[in-house]
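Trainee: What follows is each chain in one-letter form.
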Amino acid sequence: AQKVTQAQTEISVVEKEDVTLDCVYETRDTTYYLFWYKQPPSGELVFLIRRNSFDEQNEISGRYSWNFQKSTSSFNFTITASQVVDSAVYFCALSYNTDKLIFGTGTRLQVFP
Amino acid sequence: DTAVSQTPKYLVTQMGNDKSIKCEQNLGHDTMYWYKQDSKKFLKIMFSYNNKELIINETVPNRFSPKSPDKAHLNLHINSLELGDSAVYFCASSQDLEGISYGYTFGSGTRLTVV
Numbered sequence: 001a002q003k004v005t006q007a008q009t010e011i012s013v014v015e016k017e018d019v020t021l022d023c024v025y026e027t028r029d030t031t032y033y034l035f036w037y038k039q040p041p042s043g044e045l046v047f048l049i050r051r052n053s054f055d056e057q058n059e060i061s062g063r064y065s066w067n068f069q070k071s072t073s074s075f076n077f078t079i080t081a082s083q084v085v086d087s088a089v090y091f092c093a094l095s096y097n098t099d100k101l102i103f104g105t106g107t108r109l110q111v112f113p
Numbered sequence: 001d002t003a004v005s006q007t008p009k010y011l012v013t014q015m016g017n018d019k020s021i022k023c024e025q026n027l028g029h030d031t032m033y034w035y036k037q038d039s040k041k042f043l044k045i046m047f048s049y050n051n052k053e054l055i056i057n058e059t060v061p062n063r064f065s066p067k068s069p070d071k072a073h074l075n076l077h078i079n080s081l082e083l084g085d086s087a088v089y090f091c092a093s094s095q096d097l098e099g100i101s102y103g104y105t106f107g108s109g110t111r112l113t114v115v
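Listed in order, the protein sequences are those of chains A and B. Mapped onto our numbering, the consecutive letters of the first sequence carry residue numbers 1 to 113. Mapped onto our numbering, the consecutive letters of the second sequence carry residue numbers 1 to 115.
Keep in mind that the hints are not guaranteed to be accurate.
Said to hold, decoys possible - EDC-like, lysine to aspartate or glutamate: derived pairs with alpha carbons at most 16 Å apart:
#: 1; chain 1: B; residue 1: K9; chain 2: A; residue 2: D55
#: 2; chain 1: B; residue 1: K52; chain 2: B; residue 2: E82
#: 3; chain 1: A; residue 1: K70; chain 2: A; residue 2: D86
#: 4; chain 1: A; residue 1: K70; chain 2: A; residue 2: E56
#: 5; chain 1: B; residue 1: K40; chain 2: A; residue 2: E59
#: 6; chain 1: A; residue 1: K38; chain 2: A; residue 2: D55
#: 7; chain 1: B; residue 1: K71; chain 2: B; residue 2: D18
#: 8; chain 1: B; residue 1: K36; chain 2: A; residue 2: D55
#: 9; chain 1: A; residue 1: K70; chain 2: A; residue 2: E26
#: 10; chain 1: B; residue 1: K52; chain 2: B; residue 2: E24
#: 11; chain 1: B; residue 1: K41; chain 2: A; residue 2: E10
#: 12; chain 1: B; residue 1: K41; chain 2: A; residue 2: E44
#: 13; chain 1: A; residue 1: K3; chain 2: A; residue 2: D29
#: 14; chain 1: B; residue 1: K52; chain 2: B; residue 2: D38
#: 15; chain 1: B; residue 1: K36; chain 2: B; residue 2: E82
Derived from the structure by calculation, the hints contain no laboratory data. Here the structure is a predicted model, which means the values were calculated and not measured.
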């Protein structure tokens, strides 16, 4: 069965701290895609990153970085030097066979000034 | 230019009513979806259409009926609304080429409140 687990329900940090959001997935497919979305308090879903199963290179985009490890079926997301504007719910998601997105339950990140 | 637009953004209605949510995408994508986000923020797919054909129907009550007049539009009709239908409904679209997924674009959501 395909499944995405985000074990951290809520994380609170103080500004400028680094924070890592964990994502563990399950799938039998050899070709699949992993995503991270951000949902700020305004409610929209903002695309952050897409990674295919054949590309295990880590990626960095500004203060954001992603660590994809097939050996542990994890796709973790790190925010460096967090800011108040990073406060949101973050969703990890899995897609296979170009089909629907299966979302994790989300991690609520609160960044305090 | 809005890529995936949903209307209305907010919808408050009484139990038993019938309502529709409209979705349009101007990205030229072939596949469109409806997702439901419940009060605990859990996101789950309801339907997907590819070029106006129903592809996925995820055990959704018959009171929910999607309609796709063309590949740029996917509307959601809900009959006999119940309190449990209160949620945020997201429309999305995606483009897949030769089995490669190029990602999903979501609309801004419709918050449905049934009273």
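Trainee: Look at each hint and say if it fits the structure.
Mentor: Status of the hints after comparison with the structure:
Pair hint B:K9 plus A:D55 does not hold up; C-alpha atoms about 37 Å apart against a cutoff of 16 Å. Simply put, B:K52 and B:E82 have alpha-carbon atoms about 28 Å apart, too far for the 16 Å limit, and the pair is violated. At most 16 Å may separate the alpha-carbon atoms for a hinted pair to count; A:K70 and A:D86 exceed this at roughly 27 Å. Taking the CA atoms of A:K70 and A:E56, the gap is about 7 Å. The hint holds against a cut of 16 Å.
About 30 Å separates the Cα atoms of B:K40 and A:E59, which puts this hinted pair outside 16 Å; it is violated. A threshold of 16 Å between alpha carbons decides the hint, and for A:K38 with A:D55 the separation of about 22 Å lies outside it, so the pair is violated. A hinted pair counts as satisfied when its Cα atoms are at most 16 Å apart, and B:K71 with B:D18 does not qualify at roughly 24 Å. The suggested pairing of B:K36 with A:D55 is violated, with an alpha-carbon distance near 30 Å, which exceeds 16 Å.
Of the pairs offered as hints, the one joining A:K70 and A:E26 holds, with about 10 Å between alpha carbons and a cut-off of 16 Å not exceeded. This hinted pair checks out: B:K52 and B:E24 have alpha carbons roughly 13 Å apart, not beyond 16 Å. For the proposed pair B:K41 and A:E10, the alpha carbon gap of about 12 Å is at most 16 Å, so the pair holds. Between B:K41 and A:E44 the alpha-carbon distance is near 12 Å, which keeps this suggested pair within the 16 Å criterion.
About 12 Å separates the Cα atoms of A:K3 and A:D29, which keeps this hinted pair within 16 Å; it holds. Our distance criterion of 16 Å between C-alpha atoms is broken by B:K52 and B:D38, whose separation comes to about 26 Å. Using a Cα cut-off of 16 Å, the hinted pair B:K36 and B:E82 holds, with the two alpha carbons roughly 15 Å apart.
Consistency note: the structure conflicts with the earlier hints numbered 1, 2, 3, 5, 6, 7, 8 and 14.
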